[in-house]
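With these hints in hand, go ahead and build the complete structure from the sequences.
Protein chains: 2
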Amino acid sequence: MDDTTKPALHETEATDIPVERRRRTGGRGGDRIRKTNGSKYLNLVNNLSHTQILSPEALDDVHNASLTILEEIGMDIILPEARERMKAAGADVTPGTERVRFDRGLIMDMIASAPSTFTLHARNPLRNVQIGGKNLVFAQVASAPFVADREGGRRAGNQEDFRKLIKLAQSFDVIHMTGGYPVEPIDIHASVRHLDCLSDIVKLTDKAFHCYSLGQQRNLDAIEIARIGRGISMEQMEREPSLYTIINSSSPLRLDGPMLQGIIEMSSRNQVVVVTPFTLAGAMAPVTIAGAVVQQNAEALCGIAFTQMVRKGAPVMYGGFTSNVDMKTGAPAFGTPEYMKAVMAGGQLARRYGLPYRTSNTNASNTLDAQAAYESALSLWAVTQGGGNFVLHSAGWSEGGLTASFEKFILDVDMLQMVAEFLTPLDVSEDALALDAVRDVGPGGHYFGTAHTLARYETAFYSPILSDWRNFETWTEAGRPTTYDHANRVFKEVLNKYERPPLDPAIEEQLDAFVAKRKAEGGVPTDF
Amino acid sequence: MDDTTKPALHETEATDIPVERRRRTGGRGGDRIRKTNGSKYLNLVNNLSHTQILSPEALDDVHNASLTILEEIGMDIILPEARERMKAAGADVTPGTERVRFDRGLIMDMIASAPSTFTLHARNPLRNVQIGGKNLVFAQVASAPFVADREGGRRAGNQEDFRKLIKLAQSFDVIHMTGGYPVEPIDIHASVRHLDCLSDIVKLTDKAFHCYSLGQQRNLDAIEIARIGRGISMEQMEREPSLYTIINSSSPLRLDGPMLQGIIEMSSRNQVVVVTPFTLAGAMAPVTIAGAVVQQNAEALCGIAFTQMVRKGAPVMYGGFTSNVDMKTGAPAFGTPEYMKAVMAGGQLARRYGLPYRTSNTNASNTLDAQAAYESALSLWAVTQGGGNFVLHSAGWSEGGLTASFEKFILDVDMLQMVAEFLTPLDVSEDALALDAVRDVGPGGHYFGTAHTLARYETAFYSPILSDWRNFETWTEAGRPTTYDHANRVFKEVLNKYERPPLDPAIEEQLDAFVAKRKAEGGVPTDF
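Chains as they are written, first to last, in the UniProt record's numbering: chain A, 1 to 528; chain B, 1 to 528.
Keep in mind that the hints were calculated from the coordinates and are not lab data. Fair warning: there could be bad hints in the mix.
Repeated chains share a single entry, so a pair holds when one copy, or any two copies, can fit it.
[Claimed, not checked] Derived pair list, reagent style DSSO-like, types lysine-lysine, alpha-carbon separation capped at 27 Å:
#: 1; residue 1: K167; residue 2: K519
#: 2; residue 1: K328; residue 2: K40
#: 3; residue 1: K328; residue 2: K497
#: 4; residue 1: K492; residue 2: K328
#: 5; residue 1: K134; residue 2: K517
#: 6; residue 1: K492; residue 2: K167
#: 7; residue 1: K203; residue 2: K497
#: 8; residue 1: K40; residue 2: K167
#: 9; residue 1: K492; residue 2: K312
#: 10; residue 1: K134; residue 2: K87
#: 11; residue 1: K519; residue 2: K328
#: 12; residue 1: K519; residue 2: K40
Okay, structure coming up:
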């Protein structure tokens, strides 16, 4: 008899007639919302040993190949001021071109001054996040052009949905930060969008947040909004990083002007920079995962070194975003075995350099089906076992990042909480080993009603948000809801229960005044 | 700009208008079936370092608590012959009762003779599987009372569906073995069911297989069928294990008669025994995961020790099946964070004892939704990182084991192949590091048409069976198929292409004659 043929829990004899022999009881399934569990998920620590995809020799080889790229081929640096700073630091700038080459010693000297751990401050100190080391921080989806829920379908980003997604991020402790605009609200004019969006984020959440590096003035406005939100001086803000920006290289081997400007504005003020090449193997990077990781590493090291040329000791993260494409169509693929390897290899590189490691929770599904779940689960597997410190797009990322999905947000929160529970150390106290309980029950008994069980059953196990564990009959009576159905219901329930976090009225007034003044000034120049 | 705002692959400038800026190309999505990739997935090796959930001290504590249970509390052994054999081996049998206690030295002496690796032989030598060490072997779903596909719904097991599921197992190399009856065909009378089913398995597959331990005669018939299938003598069969059985303890702390008889019949003939306690924390085991693992370990060690009392050196696996229940309903839960921890702890124990480790790919979903995928993916995460050697229920297990699902079978095969690809060592040859390709392309170029890419693109990445990577518009034109839709289509396509593996006509004749003779004798006694 196999374990699946186990009879109802207290039957004893094997039988030839297995039909319905292991009945599951009825009762509630996915029809409940978890509380946010107090502060249980606020400060996650990942004590697992890291999975090594690269041998020490292979890690050396990748490292050396990256430095050879920077030394021999170099990067195109599309901002004169950045090239001047690099030249001053000792880089080899080819006159009359944008090409800059970096001696490997220069790169290693520069990254040596980057801190391996730091605190990113939120306006609510309980929401401060520790970046690097064994810490694990989740930020929600960022930068999707579309937004979707089942009833409303897929639609262009807008302020109403933007605000809802921000509210969802506030509603779960396991979402430690926002990650930029979860969806791009194109109904707000681009010249003032950053003012409205960041003001909303400060008011609707009390978590740390991100600013886009799309020109100097946007960076400066964001820094001022973060400062006002925390109610601190610029001097304190410089001591306490309170804002972060994602810097993508324009792969292969190029850093664009706004990105370089972003590093200058943010690093010079000791704010957090996350350097993330976007190296899809077979498209903007070599078709081999090792080659794509080599190029990722070269580009990341270049950007990270530049942060230290701007300001020694400025907080910076090593970002990895290497995945593959579908070679038959060029479509990006995520949550693949190749993605897993790239994530784990990136972690080894980041740790070699003593840098915090930024990763992502990815998938390419167009809906909330099994694919969305397995690609995300494989991503989280790689992130967790590979030692990711900061996971952007943790919740809500759908369709390869093109769509922020309300239902996917809830699915991801549930999976993130499961990861967090998995990372909670196993209790191996004498009480947990339960020898006395085994003595009490003895052979052939059961544990449902024992004192040991009764004292623990309410909190013994993680109660998922979505998993429907009802038996088939009860589930059928309930209309056979899928995970998609449960997630659709839950996100609306969570939004209905949303409450704004407290904000000092004086701060809110100051924030509104700043936004009004900057809007009166016209915001920032745009292309249209 | 965040990486999700990356424009179409060759655009260069950041923009404020992110809508549709990262278009995905059209083309094929899930509309294809992978070939079985030759022998790529036949012999899987897991070179990952194992994740240690238990510290060395905690591992000692669990081990010692288990041995204390066997020494002080003991197990109920519901077969006189087994008690006699245990007594002869030195165990303490309480006269007039079924209780047997085991000195810890006796247990350790016994398990020391169990082999840490062995070969399980199939009738096709290419399908032989290596058990233990770093080897990873997948067997399909076993023992579900129900079977389901979308059109046919959920129905009682029957011979037609049984055969289809066996054919599916034969169709994919990543399914290394069958795992018992994937579904229980209740339209075959129980007295002869094992004869028809095992005969079908020998004819429709060329892989190693399982027999249920439900009485001596069934074991003997199965051994004879396995012998006939391989066309070998009983002496050779005893040298070359060619059949396996799952032995579940009747937790807590009891081994039932047919299970003990199964160990006697199988181990005495050097066939493979998999001892798997079914220890749901909070039901048949303590509510703490550590306590449930302690009890699992005690029960497993008892069964394993008994195999060695029957025959020193007989092949045996350490089985773990500890999960939790929904404490509000008693419903079993699978693929949970608690399950992950139990799987990894079990792996540490099995390796401590130098025994191959049997695990499972579990989930509790009633359909093929996101839950089915994330619970399975979390199971496979734990199995892989926890060092499982043999994964029963690898493909098709649905609804907590109550239903064998045709669509879930395909989903699982895709996930198993992704695990296999993930475990393939990353190529870090000079060619793979791709420095020359990076030199050729340089900053700002692209890799689509380069020689390095063209030489590799067809085999560079895993091509999933189900993942639909088409862009939203193309996917919408195709009717927005979900993973469930693709899996439903694929399982039927695979069945249509099924071909019986070659079988020597003389062997088939001998097999038919044996089954006919045994049927004429009435098969085995049943309860009805």
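>> Of all the hints numbered above, which does this structure not satisfy? Sort the numbers upward.
In response: 5, 9, 10, 11, 12
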